[in-house]
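Could you put together the complete structure from these sequences and hints?
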Amino acid sequence: MKPQYLVVALCFGVGVMAGKYSRETNEPKPSGGGAQMMEFRIAKLNQVWEKAKRMQLSPVRHAELHSDLKIQEKDELQWKKVKVEGLDDNGEKEAQLRRNFNVILAKYGMDGKNTRPLESNHLKDHDTKEGDVFEDPRLDKLWNKAKSSGKFSNEELLSLKREFQHHKDKTHEYNILMDTVSRTEEIHKNVISPLEGDTKEHVLHQKHTDLKQKMRDLSQGFERLRKLSHEGFTEDSEFREPRVIELWEAAKRANLSDDELDSLKEELRHFETKVEKHSHYQEQLELSHQKLRHVESLGDKEHIKRNQEKYDTLAEKTREMGYKMKKHMLDLSNKISRMGGLFVHSNLVLRVLAQVMNNKNMVIMPKQTF
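Counting with mature numbering (1 follows the signal peptide of the UniProt record, and there is no 0), you get residues -18 to -1, 1 to 352 for the letters of the sequence shown.
Calculated from the structure, these hints are not laboratory results. Be aware that a few hints might be false.
In silico EDC-like pairs for lysine to aspartate or glutamate, Cα to Cα no more than 16 Å straight-line [as the list claims (entries may be wrong)]: (1) Lys143 to Asp122; (2) Lys309 to Glu145; (3) Lys56 to Asp313; (4) Lys133 to Glu213; (5) Lys209 to Asp122; (6) Lys129 to Glu145; (7) Lys35 to Glu213; (8) Lys256 to Asp313; (9) Lys306 to Glu55; (10) Lys35 to Glu21; (11) Lys247 to Glu231; (12) Lys317 to Glu242; (13) Lys234 to Glu213; (14) Lys196 to Asp151; (15) Lys194 to Asp161; (16) Lys234 to Glu249; (17) Lys309 to Glu249; (18) Lys143 to Asp93; (19) Lys234 to Glu220; (20) Lys317 to Glu248; (21) Lys234 to Asp244; (22) Lys308 to Glu117; (23) Lys299 to Glu21; (24) Lys317 to Asp244; (25) Lys317 to Glu258; (26) Lys299 to Glu258; (27) Lys89 to Asp151; (28) Lys75 to Glu55; (29) Lys196 to Glu231; (30) Lys306 to Glu46; (31) Lys306 to Glu231; (32) Lys259 to Glu298; (33) Lys143 to Glu258; (34) Lys62 to Glu76; (35) Lys299 to Glu265; (36) Lys89 to Glu46; (37) Lys152 to Asp199; (38) Lys143 to Glu117.
And the structure:
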């Protein structure tokens, strides 16, 4: 091949590869002239969003879904760049993204399996009784004891209820993941190619590792709730928001230095402010929705238009804050994991060095001069 043709061919190949993963290619085109732009840059996420619009999701739930889809969008676009660079050969990241997407579908009842109760298989095997708040006999028992103990003020009871609800949500996520792993194992049984089987075995192993970690987190979380329900809040409680408390407990288990903990504590305080602000917007969004429904029932078109505009603005702001809050939480969680991992790794190195230095067969001689 002549040099000039080789150059043209290489340029064409690079152009095709760049185009395949460019923003223009990933960003869905509006269907039809003058149509509204799509919400997301990935087609399947837009399909989920459009389906959610037709469902009877509450405004807060709808905003939460939008935040989850934005996180998924960010991760998938990052993965496409990683894949181009050949950094996901074993498909582990791709499998994780697929699992995360399936979790979103199941979480919001869009996986086609919402005709049966997802929680019925693993961590919940009882019939829900009238008056149950958290649909878990252990949580309901603790909650009822805490309410009647007289140890909590009304404000503290609200904080405690948020922690119970957070634990219930974590249990639900665990059951979704368990369900996903079970279905993946069924598919794994039908694999024919040995090479493909090795890849799926690796993915399944990672999923089981995730399950074990989530189960440990649930056990530690329930133990904290049990202790809190019996002893009440202490004056030196560092944080109030369940998600921030969860991160702080994980940081303390990571054996970080005092300086690292102090630095992280300050960062978590800022994050807690962000969480509280987001919760406030969620409450305002729910109230705005109720007001809009009331105004619609009155039939005043001008009044309806004004309230609809206020509601839309508030919904967009809530979605934006939800995305930033969830992204910040993921960043903090990853940071704590890295810091803890570095500590464990450095300790391991020190132990190995100590063993080497203490080896009786190894003698360090001073440098001799002749």
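Hint check:
1. Lys143 to Asp122: holds (11 Å)
2. Lys309 to Glu145: violated (21 Å)
3. Lys56 to Asp313: holds (13 Å)
4. Lys133 to Glu213: holds (8 Å)
5. Lys209 to Asp122: It holds: about 15 Å lies between the C-alpha atoms, which stays within 16 Å.
6. Lys129 to Glu145: holds (14 Å)
7. Lys35 to Glu213: violated (44 Å)
8. Lys256 to Asp313: The given pair, whose Cα atoms are some 14 Å apart, holds under the 16 Å limit.
9. Lys306 to Glu55: holds (13 Å)
10. Lys35 to Glu21: Distance of about 12 Å is within 16 Å: holds.
11. Lys247 to Glu231: holds (11 Å)
12. Lys317 to Glu242: Distance ~11 Å between Lys317 and Glu242 Cα, so the pair holds.
13. Lys234 to Glu213: Violated, because 20 Å separates the two Cα atoms, which is more than 16 Å.
14. Lys196 to Asp151: Holds: Lys196 and Asp151 sit about 12 Å apart, inside 16 Å.
15. Lys194 to Asp161: Measuring from Cα to Cα gives roughly 14 Å; hence the hint holds.
16. Lys234 to Glu249: Holds: Lys234 and Glu249 sit about 14 Å apart, inside 16 Å.
17. Lys309 to Glu249: holds (14 Å)
18. Lys143 to Asp93: violated (29 Å)
19. Lys234 to Glu220: holds (12 Å)
20. Lys317 to Glu248: Measuring from Cα to Cα gives roughly 14 Å; hence the hint holds.
21. Lys234 to Asp244: Holds, because 11 Å separates the two Cα atoms, which is no more than 16 Å.
22. Lys308 to Glu117: Violated. Lys308 to Glu117 sits at ~26 Å, over the 16 Å cutoff.
23. Lys299 to Glu21: Status holds; Cα separation ~15 Å.
24. Lys317 to Asp244: holds (14 Å)
25. Lys317 to Glu258: Answer violated: Lys317 to Glu258 is near 21 Å, above 16 Å.
26. Lys299 to Glu258: holds (14 Å)
27. Lys89 to Asp151: Status holds; Cα separation ~10 Å.
28. Lys75 to Glu55: This hinted pair holds, its Cα atoms lying about 14 Å apart.
29. Lys196 to Glu231: Answer holds: Lys196 to Glu231 is near 14 Å, not above 16 Å.
30. Lys306 to Glu46: holds (12 Å)
31. Lys306 to Glu231: Cα-Cα ~22 Å, so violated.
32. Lys259 to Glu298: Measuring from Cα to Cα gives roughly 15 Å; hence the hint holds.
33. Lys143 to Glu258: holds (15 Å)
34. Lys62 to Glu76: holds (9 Å)
35. Lys299 to Glu265: holds (13 Å)
36. Lys89 to Glu46: holds (11 Å)
37. Lys152 to Asp199: holds (9 Å)
38. Lys143 to Glu117: Satisfied, since the Cα-Cα distance of roughly 13 Å is no more than 16 Å.
In this structure, the earlier hints numbered 2, 7, 13, 18, 22, 25 and 31 are contradicted, and the remaining ones agree with it.
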